[in-house]
Structures are given as structure tokens and as C-alpha cells.
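Q: Spelled out, the chains give:
There are 2 protein chains.
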Amino acid sequence: MSTEADVLVVGAGLAGLSAATHLRGAGLEVKVLEARERVGGRLLRRSLGDGHWVDVGGQWMGPTQTRLAALAQELGAESFPTYAHGENAIEWKGKVKRYRGDIPRISPAVLLDTLQAQRRIERLAKQVVLEEPWQTPGARELDSQTFWSWLQANTRTRGARTLLEIAVEAVWAAEPADVSLLHVLFYTASAGGFEQLIGTSGGAQQDRFVEGAAALPLELAARLGDDVVLQAPVREIVHARDRVEILTAQGSFVGRRAIVAIPPTLAGRIVYDPPLPGFRDQLTQRIAQGTVIKCMAVYEEPFWRAEGLSGQGLSDRGPLRVTFDNSPPDGRPGVLLGFLEGDQARRLGRVDAGERRAAVIDCFARLYGPRAATPQDYFEQAWAEEPFSRGCYVGFLGPGVWTSFGPALRAPIGTIHWAGAETAVRWNGYMDGAIESGHTAAEAVIAELGLNIN
Amino acid sequence: MSTEADVLVVGAGLAGLSAATHLRGAGLEVKVLEARERVGGRLLRRSLGDGHWVDVGGQWMGPTQTRLAALAQELGAESFPTYAHGENAIEWKGKVKRYRGDIPRISPAVLLDTLQAQRRIERLAKQVVLEEPWQTPGARELDSQTFWSWLQANTRTRGARTLLEIAVEAVWAAEPADVSLLHVLFYTASAGGFEQLIGTSGGAQQDRFVEGAAALPLELAARLGDDVVLQAPVREIVHARDRVEILTAQGSFVGRRAIVAIPPTLAGRIVYDPPLPGFRDQLTQRIAQGTVIKCMAVYEEPFWRAEGLSGQGLSDRGPLRVTFDNSPPDGRPGVLLGFLEGDQARRLGRVDAGERRAAVIDCFARLYGPRAATPQDYFEQAWAEEPFSRGCYVGFLGPGVWTSFGPALRAPIGTIHWAGAETAVRWNGYMDGAIESGHTAAEAVIAELGLNIN
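Chains as they are written, first to last, in the working numbering: chain F, 1 to 454; chain G, 1001 to 1454.
Just so you know, these hints were derived from the structure itself, not from any lab.
Watch out, some of these pointers could steer you wrong.
What follows is a list of derived Cβ distance ranges for each label pair [unchecked claim]:
(1) F:105 <-> G:1351: 26 to 32 Å
(2) G:1157 <-> F:157: 29 to 35 Å
(3) F:157 <-> G:1352: 52 to 58 Å
Non-contacting residues of chain G with respect to chain F, defined by C-beta distances greater than 10 Å in every case (computed) [to be verified]:
(4) 1159
(5) 1233
(6) 1400
(7) 1444
None of the values given here were measured: they were computed from a predicted structure.
Backbone N, C-alpha and C fix where the C-beta goes; we use that ideal spot for every residue, glycine too.
Please take these sequences and the hints and turn them into a complete structure.
A: Set out below in C-alpha cells:
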């Protein structure tokens, strides 16, 4: 006894739900098979009471993320600016300072060095062939080195390397040694610039959603109704010409096409019958997810605002490298957000929860004063521990992967198509990219089924 | 209805079978759960008729591989020297030349440059802390760059870079951009030297087995008898204090400990309940298998021998980069062996079989003359296509992995222990290392169960 549909979508994250919605709009029957007991994937919110929410997963919307903005508008999801008034805080070489605007109060030599490196990245990123990064001029050389190696050769100061390391951690939850230079350039191009990646106002961290970004997949799923099947981890995909059968913990589903909308590393864990070509399988062995623990401390009010602080902070010591004011729109309660990223998350992910909390709170207190030391509440989300995410923010490509395996990332295999933020051309790794990837895969399926019907 | 044993071993490769044999020697009951309908993992042989065999998987034994030698002796597996008489062939810059000994007839500047780079590798490798490479002095810097970057900085000639690229391909079936410098140094130290890795006489390619290396796991499995369960791919491992249940296609197995003796990337595809810690899971996302297609052409006789050629060849053009005489001990039939490795395997793995064969045979013919163009038989083994290997020779670590995730490679998780060539301290990636890893895991389990019994 199988459930039938035209198209089966694996994963009820933003990519899968966008694909399913698009397919249904074209008159096709869909079933979305979701492993968890909830939808949203890497989008997840937590109630603060009184109708206030914070996202413990992805949360921000930036300018040029037109697909995300359109979806938010369609679903009636209100957004508001990330709090960015007053001065920012920086802990640098053992001292905490305040500064206004984008430029921290540290050595001008370091700032100039950092700026020059960023400009070089921007310039190199302009060469990237976005749809096919492996076709970028000099791709082989760009892809054969880590971003760490590039930093060694293209900065003169240790401070600049630290600032750019913090940027890498903030964007990929990975270290400069983990990512290939070509991947950094691709991602920069995909977002439209390096400032776009790291910026708050004017960048990817510009706006938040009143009810949380996680409200978007919830609403999409609500509209899809029974076509979203929860607690249905996929065990196996049996695929043939014009027929796909997916075996899940909730039984068998049969369709004409499948869209697998989960991170590549997780897609590689599904059993395929017949087995996928080695070229595709080996790609999935080579796109690891980043490592992040998203930490929030809750206070009666955002006390730092009264002291003229934005809650945006930076630390060379860590373990939090970047912080934000993550309070609800009305500032009640006050919420400080900090990220453990890359190696900090790998290290602190293995210690006792109390020790980790103490290290996080201590960092907040150094940046925002003693009141930060006594939050009303503290919570965190360690995405590497989640069996159906196994990391955040995103899968990244290390050296050699784009140039040796790039074409396998998006190419469908028979009746199986791929989606997910990692497959996006624009805003790869972001919600906007996830939506794009869902639409792209849905369009491809619609075209194929259209051709078959005629 | 579950089958019970003291210890459950996942994977009937050399590591798993060695572990099981060792455990049984200590009086413990074992079950070895093997996904395939055969044992041996990356060891597989093919009959040439008349009792002659060739290995289409791992095949060589080198000096200092004492565990492999001991096992061969115990099982009565005879070995013989890899054919290495006469002159070697090299295709270099469009010309084919012959040379005697280890030093190809190419520019002395290139040879000197190569030798100096090798010496530097040897010198750096001496610093490696073999059991814990992340503790190596300067580990972070060594692990933050690709071997490609190191080659750029430490060679003066393009020729040396090509020769060392061929060496990397021959050792890992990967490209210099794929592997971290620290991993190259670890592997060199693990084998006892760079020459040990790449050499024939005196190195890892020194000897072959008369009935194939694949005869070893076959004999081990024969002795284990019914304790090896074939066609039992593992779906899930449910683990608790002192109890492990493994769900397979052949039913459920219950034991007190498990040893998972498969490559890390495949171990990451098993469902664990409770889920494994993120630190371990993310490690398995970061150890990809190499890419190799092992190609053999069969001739009535090894005609190249009569022409004074050893069958050992090298080509800067490829697609085969290294070749060997792989004939049976009596030279009947004659067998030429060539490897498509790294990018050549990734590229030619996606073309039509006839086109691939033509490219391989053409390469043999350029190196060994027109008679090589008309083999009696041709066959190949593409390891990336194998669902239960998904690559060969071995899993390798890219930049950042040893220093960020190294401790997760061997550390048991509760009742689950890890084995497999990738976990070995000495001769990591080789048969000898696989045996070591099986013994190490078995010893750890024996110690744990011993303690529990007292």
C-alpha cells in the first residue's frame, strides 16, 4: 500500500516547502516527506511568552534577498530592522572598547590591511562564473588553496587575519582552513559582495521577522496541509524511468519525480536503488556542514540600549566572536545573541553544558558589563547535534571540491532532482537561496512532466 | 527474535575480520555483519583461469608491514615480488623513454627539486605525533594548507610538482589540492617514510600474493564460518550501556559491544539511536574516499619483458599515471595494470566504458608499444561506484580536519568502537593498518568486557 503523488519532496525545510508550493501551483500533486516531527529544517523558533519569539536557527533577511522578501509578503510575515542603534562593542587584545559605525577602534594599519584584503576578495569574486564556479578563470588555482593560505599571502597584519577569520566563522561557522578560496569567492559573488555577507544594515543581517523566520515554513506547511508528512525519515529511494518510490518510517510513497531538498551530506546517507553514480556520491562525501551553537541570554530589558550600546559586538578572545541584540521588536524581554562558531563550537560542544554556559555568559559580561552576567534565562541550539541537520549554517566546499565535483551539485540523476540552500546560485546558503533552489527544482520537474504529458 | 553474541562487528573487510578473529581467540562470541554478498571489502580478486588470480582491489605487501606478513604466514598465503626487472618507461613532455632504477631520465633540475621536496617532507614527517597528529608541533599551520599550496612554496620546477602530484595520486587516489599538508606528513610517518609509500622494491608495492590479497579475508571468513553474516547491510545501531542492537536486512543482532569496521564516511551513513555526538558525526562528514579505477589489460604473454621492460611506467599525460606488470608469478598470462586516480578517475568515470577503455589502452600502447593495443581481455574496477566502498584507496583528511576533529577518529562512543584502515596508527590506509585497527579495537573491547565480568 503506497501513497501516490506526482512529485515527492524529501525535506520540509524552506527549500522543500517552496518546491512543493510551486509544484502545487502548477497543478501537480505533491507529498513532502519530513524526518522530524516538525517542519522548518534549520529554521526553528522558541517562544519567549506574550507572543514573542526568537529564532534559534536562521533568522535574518537582507536587501537583494528578493525571493525571501516576496515569500514573506505573500505569507504576511512582518519584519523589522535588527537593532543597530548606539555604539558597538569590541574586545581586542584584552581590552573592551566602544565604537560607532562599521569601523572598530583598533589600529589603522589593521583596518587598512583588512579593507585591502576585502577589496581583493571582492575583485576576485567578480570573476566567478556563478552558475559554474569550476569554469571561473584560474579556477583550479583558486580552488587548490584554503582561504587560510590566501590570508597568509594577502595580509600583512595578524589583526587583519583575525578579523577575517571572525568573518569566515560568522558566515560559514567554519575556519579559514576549512574552506577553499574559490568557495569564498563563489559565496561572495552569490551574495553580491563581501559586505553583503557580513553587514547588518545593508547586509544579510539587516532584518528580522516579528514571529521568527521559522514562521515562514510553518505557514507554508499549513497551506500544504496533509501533503506534508511528518516523522517520515527516508530510508531508501528506489528510482526508475518515470517512477520513484520512497520508503519511509511512515510507509511507501510513489511518484513520478523526487526532489531531495536536504543538505548534500544528508542526501548522501539515503540508500538509493539503483545506487547513485560515484561522481555524485563522492560529492556528498565532500560537503560538510559548519559547526555552530547559537546562544541567547534573556534579561528583563535590553539594559545595554540605555547605556548607548547596540548589542553588536566582536571579540578576538571569544568564545563568542560576534554578538547581536536579539530582543523582540518592543524590547521586552532583552535578548543577547552570541554565536559559538567553527572551532569554538567544536571545542565547547564537547564540554559540560554548565561550563559552556559560563563561558558564554562571561563573554557577554566582558562586552556588556556585569548586568549581562545574570540573565533570567539562557538557552542554546547546537545544530551539529541535530540528526536531521548535523550542522549549520550551511554545507561548504573545501579545496578541490568545486573543480573536481562541481557539476554533480545540481545535476538531476534520472528522476531525482536536488534542492536545498547548498544548491542555490544566488544567496547560496541563505533562506533566499533555499527558496530559489526549491523553485529551480520545481521548474525543472514541471518542464519534464510537461514534456512527458504532451 | 534476535541473534546474540558478545561482540558485533560491522564490515567483513580485513579490519572487521581481524577484529572478529582476535575476539574469538579471546573466547568471545562474535557476529560479523557484512553488507555485501562477499567478504573482503576493498580486497577483491578476479580469476584469470588455470588457478591464476589478480586483485582488482588492494594487492601489495611491503617491508615493515609486519602484521600483514604475520597474517599471511598464519593463513599460508604465499607472496612473490612485484615484477621489477629491466627498464621502466616514462612518458614525459610528449616523449616516451626507458630508464633503469629509480631515477627517470628527465631534467636533473627537476629530479633534484623533487628530491629536495621529498627530503623536506621526510624531515617534517619526523615531527608528527603519530597517535595524535593534532599535537604535532605547528599542527595548526601544517593542517591549514593543502599539499598543493606547500608544493607551490617548496618546489622550483613544474616538473617536480608534476612528479609529486603523480605520487599523491598514487598514494591517495586524490589530488594535492584535496589533502592537508599535515595529513601527508601523518601518512608519511605512519608508513615510515615517503619512499616507503611510493616505492616498489623496499616500499609498499614490493610483494604480491599468489592467490591474491583477497584470499586473506576469504580464508579468515572461512575460519569464522557462520559467524560471518552476508547480505546484511546495517540500517541502525541502537546502543545503550552494555548493550548494542544492530538492525540489518538479515534481522536483528544483539551484543554487548560493537566494532564498526568500515570507512568513516560510510559509518556516518548508519542511523544511530541515540544519535552520535555532533563532534563524531561531523568528522564522518569530512573524511572522503579517494577516487580510483583499477584497469588491467591481459595479453597472451608479458611481451614487454622480452623487450627488457619491467611494466613499471609513469606518464605525465595520462590518463594512467602509473603502471605495473601485474602478471601471475609464472607470467601467464601477461597483465598490465594501470590506475586512473583522482581527477582522471573522476573525469573518465563519467564517460562511456568504451571511451574509457580506449583511453587506457592507448596509454598502455604509448608506453609499451603497439602490441599493448590489442589485449585479449580488459577489465576494470571503479571503486567509487561500489555502494559499500564508495571510493578507494582510502579516506583522507583535507585541511582542518585533523586539528579540529582528530580526537573523534578513534575514540569509542559508549559501546561502539571504530576500526578500519582509516583509523590505524601505523600503515594507515593499508592492509597492515586495517589489521592493526581490528586488533586495537578488539583489545579495547576485550579489556572492557574483562572489567565488566570481574
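Q: Each of the hints needs a verdict: does it hold here or not?
A: Against the structure, the hints come out as follows:
Residue 105 of chain F and residue 1351 of chain G have their C-beta atoms about 58 Å apart, which leaves the hinted 26 to 32 Å range violated. Separated by about 33 Å at the C-beta atoms, residue 1157 of chain G and residue 157 of chain F satisfy the suggested range of 29 to 35 Å. Between residue 157 of chain F and residue 1352 of chain G the beta carbons are some 53 Å apart, a value that agrees with the proposed interval 52 to 58 Å. Even its closest Cβ contact with chain F, about 18 Å, leaves residue 1159 of chain G beyond 10 Å, as expected for a residue assigned away from the interface.
In this structure residue 1233 of chain G is not separated from chain F by more than 10 Å, as the shortest Cβ-Cβ distance comes to only about 8 Å. With a least beta-carbon separation of about 4 Å from chain F, residue 1400 of chain G fails to lie farther than 10 Å from that chain, contradicting its non-interface assignment. Residue 1444 of chain G, annotated as away from the interface, keeps every beta carbon of chain F farther than 10 Å; the closest lies near 20 Å.
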